[in-house]
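> The task is simple: from the sequences and hints, build the whole structure.
In order, the protein sequence lines correspond to chains A and B.
At position 74 of the first sequence (counting the first as 1) the number is 74 in UniProt numbering, and the numbers step up by one without a gap.
At position 55 of the second sequence (counting the first as 1) the number is 55 in UniProt numbering, and the numbers step up by one without a gap.
No wet-lab data here; the hints were simulated from the structure.
Glycine included, each C-beta is placed from N, C-alpha and C at the ideal position.
Straight-line distance between alpha carbons at most 27 Å, and here's what the computed DSSO-like set of lysine-lysine pairs gives: (1) K75(B) <-> K121(A); (2) K121(B) <-> K75(B); (3) K75(B) <-> K75(A); (4) K57(A) <-> K121(B); (5) K121(A) <-> K57(B); (6) K121(A) <-> K75(A); (7) K121(B) <-> K75(A); (8) K281(B) <-> K189(B); (9) K189(A) <-> K281(A).
So, partial list: chain B residues that the calculated Cβ filter (under 10 Å) puts toward chain A: (10) G59; (11) A65; (12) S74; (13) L84; (14) A94; (15) I109; (16) H130; (17) M148; (18) S152; (19) G237.
What follows is each chain in one-letter form.
There are 2 protein chains.
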Amino acid sequence: MSSAAAPAPKSRSRGRVTLADVARHAGVGTMTASRAISQPGMVSAELRARVEHAVRKLGYVPNRAARALASSRSKVIAVLIPSLSNAVFTDVLAGIQDALDQYGYQVLISDTRYSDAEEEKLLGINLQSHPDGVLLTGLRQSEQVRAMLAASQVPVVSMMDLSDDPEDMTVGFSQQEAARTMVRHLLGKGYRRIGFLGAQLDERTLKRAEGYRIALREAGLYEARRELLVPDPSTVGLGAEMLGRLLAVAPDCDALFCCNDDLAYGAIYQCQRRGIAVPGKLAIAGFNDLPASAWMNPSLTTIATPRYRIGYEAATLLRQAIEGTPPASRQIDLGFTLMARESA
Amino acid sequence: MSSAAAPAPKSRSRGRVTLADVARHAGVGTMTASRAISQPGMVSAELRARVEHAVRKLGYVPNRAARALASSRSKVIAVLIPSLSNAVFTDVLAGIQDALDQYGYQVLISDTRYSDAEEEKLLGINLQSHPDGVLLTGLRQSEQVRAMLAASQVPVVSMMDLSDDPEDMTVGFSQQEAARTMVRHLLGKGYRRIGFLGAQLDERTLKRAEGYRIALREAGLYEARRELLVPDPSTVGLGAEMLGRLLAVAPDCDALFCCNDDLAYGAIYQCQRRGIAVPGKLAIAGFNDLPASAWMNPSLTTIATPRYRIGYEAATLLRQAIEGTPPASRQIDLGFTLMARESA
DNA sequence: CTGAAAGCGCTTACAG
DNA sequence: CTGAAAGCGCTTACAG
Chain A
1 MSSAAAPAPK SRSRGRVTLA DVARHAGVGT MTASRAISQP GMVSAELRAR VEHAVRKLGY
61 VPNRAARALA SSRSKVIAVL IPSLSNAVFT DVLAGIQDAL DQYGYQVLIS DTRYSDAEEE
121 KLLGINLQSH PDGVLLTGLR QSEQVRAMLA ASQVPVVSMM DLSDDPEDMT VGFSQQEAAR
181 TMVRHLLGKG YRRIGFLGAQ LDERTLKRAE GYRIALREAG LYEARRELLV PDPSTVGLGA
241 EMLGRLLAVA PDCDALFCCN DDLAYGAIYQ CQRRGIAVPG KLAIAGFNDL PASAWMNPSL
301 TTIATPRYRI GYEAATLLRQ AIEGTPPASR QIDLGFTLMA RESA
Chain B
1 MSSAAAPAPK SRSRGRVTLA DVARHAGVGT MTASRAISQP GMVSAELRAR VEHAVRKLGY
61 VPNRAARALA SSRSKVIAVL IPSLSNAVFT DVLAGIQDAL DQYGYQVLIS DTRYSDAEEE
121 KLLGINLQSH PDGVLLTGLR QSEQVRAMLA ASQVPVVSMM DLSDDPEDMT VGFSQQEAAR
181 TMVRHLLGKG YRRIGFLGAQ LDERTLKRAE GYRIALREAG LYEARRELLV PDPSTVGLGA
241 EMLGRLLAVA PDCDALFCCN DDLAYGAIYQ CQRRGIAVPG KLAIAGFNDL PASAWMNPSL
301 TTIATPRYRI GYEAATLLRQ AIEGTPPASR QIDLGFTLMA RESA
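If you want it as structure tokens, here you go:
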């Protein structure tokens with residue numbers, strides 16, 4: 001039909017169903033089709049129905065990349081956690097998912113494996129998706145990470161701890177206070193030679209160790225030799241091994257505070273093998289209150305942490321920041337609960 | 001300078017540094033800048049250096065959405081797992097991450113919570129990102145999910161099990177054979193009244209239950225009353241409770257095969273509370289070999305499953321399918337290992 | 001309430 | 001090895 005004046009446009013079509021196809025099928029403009037999908041309220045009932053029918057009929061799948069590019073809102077939230085194999089953080093993730101579920105955000109989960117270098121790398125990759133917001137674990141990020149975050153101007157909420165900078169958005173509880181509370185509980189039970197087992201040496205472990213020291217110093221009972229810190233990842237096996245190492249240098253401990261439940265499980269199992277009565281000869285306490293802690297024998301005295309709620313509230317706070325809703329508070333302290341059971 | 005003929009283009013710029021900025025700064029064409037970043041080998045060393053310098057200087061962050069839109073390759077791989085709070089699947093994820101780490105894929109992790117409806121919903125959302133490939137757990141997907149996958153024409157690899165359809169790409173092991181192997185081990189140890197505890201009732205649990213039945217029928221020892229299956233999620237607490245329920249109807253069991261380690265932990269803990277000697281009075285076996293199983297008392301007899309390798313090999317197989325590399329095999333059986341320990 | 005045009009930031013053929 | 005133009009599939013102002 002047309003004169004040969006204009007060359008045929010080169011088509012790079014992928015044969016996918018596009019919004020234009022839907023609009024054509026429904027006999028409306030592309031715009032209207034777009035609105036019928038994203039803002040149904042702004043389109044008349046009839047056109048909306050026609051568009052919806054066309055969507056279904058053609059099996060239209062919106063293209064997120066195109067939407068993100070055109071709207072400059074990616075509807076992506078990036079989450080950086082130090083470990084996916086630690087139940088603490090999968091509980092946090094569950095809370096995040098539940099909080100964001102109905103708001104159309106895509107959650108990008110990254111496991112930094114407790115490594116700053118890995119965190120930088122993963123954040124860099126995530127930033128390429130231009131997330132609308134970022135959820136971080138802890139407060140002590142590397143300079144690099146801070147710089148990247150600042151340059152991207154993306155809203156950030158930190159999880160698990162509390163900041164003393166009122167500018168920060170944080171949801172968590174005081175790691176140090178929680179540890180101090182546990183040690184005071186042990187002191188209250190009459191224990192006087194309390195040891196500490198810490199692994200990974202991440203920010204939270206160090207804060208718990210500090211809480212332990214503070215509480216013992218307050219009681220005039222702190223002795224550095226009762227404290228064993230190693231950088232290895234926390235596992236049950238490591239707890240078993242560390243118990244042996246600590247008792248080798250401080251055999252007179254009457255109680256042991258482990259920086260998490262996994263270590264405590266290992267310590268208890270090792271005591272059982274060695275015939276050391278728990279808590280009779282050695283009381284043992286953990287941190288986190290994992291599901292097995294209430295069931296093992298002896299049941300484990302530990303600190304219950306509000307992991308799910310931390311994820312839920314942090315995601316909600318971030319969403320509000322993204323959407324411009326003024327949050328009631330930028331700092332949310334969710335507290336912790338001492339679970340006094342049989343082991344200590 | 002210019003005459004007023006052409007209206008000024010409306011700018012919707014976001015103030016972000018773009019490839020065009022980098023190109024301008026480096027004094028090259030946009031194309032060359034693009035290539036210097038994506039295919040460095042195709043650009044002369046000098047221009048490449050200039051582009052790299054500009055990238056660093058301007059703090060350029062590539063826009064994934066734009067890249068995906070223009071190239072029709074999202075470099076996204078969607079992973080659907082039934083649970084993030086089950087260590088089995090976080091190990092699988094670790095393998096996936098490690099396999100894909102160096103190839104520039106963004107991994108989209110979705111937790112379907114053992115729900116078909118949730119799986120459909122999450123797959124639908126993931127498909128909007130037009131993933132280059134999808135990693136699925138198990139073989140029994142809903143009709144909906146299958147239809148969506150077929151329509152999207154995206155390559156799919158199934159994890160955890162083995163398919164008898166040679167068209168399928170699968171990486172796993174025979175759940176049924178593994179269960180059968182465990183029951184045979186128990187039979188070999190002289191146990192004759194072997195019970196079974198199963199929860200969640202997902203595909204894998206049902207296959208393990210079937211393996212249990214087959215092995216006992218082979219020995220002429222199957223009795224339906226020794227089998228307890230409940231749909232609740234597997235937890236240590238549930239294992240403890242189920243032990244009580246099973247012994248109430250079949251108090252003469254001399255061994256118990258639990259569909260996973262969590263249930264087995266709970267069963268053992270419950271025996272300890274009730275003064276039932278394990279394995280003296282009741283032998284107990286699990287499935288998966290979680291890290292604590294080797295350490296608890298008694299140590300747990302279980303089946304070690306190659307979870308990390310399943311993730312690693314499945315991701316590699318998928319990547320090869322995406323990139324057009326003919327894989328050595330579309331079906332990879334990674335096997336399993338009986339861990340005979342103290343409990344059975 | 002509805003729509004034609006322009007633009008988001010890249011990469012893909014196509015020419016040099 | 002290098003580059004100008006067109007296009008990917010949406011949404012954003014801007015007009016009706």
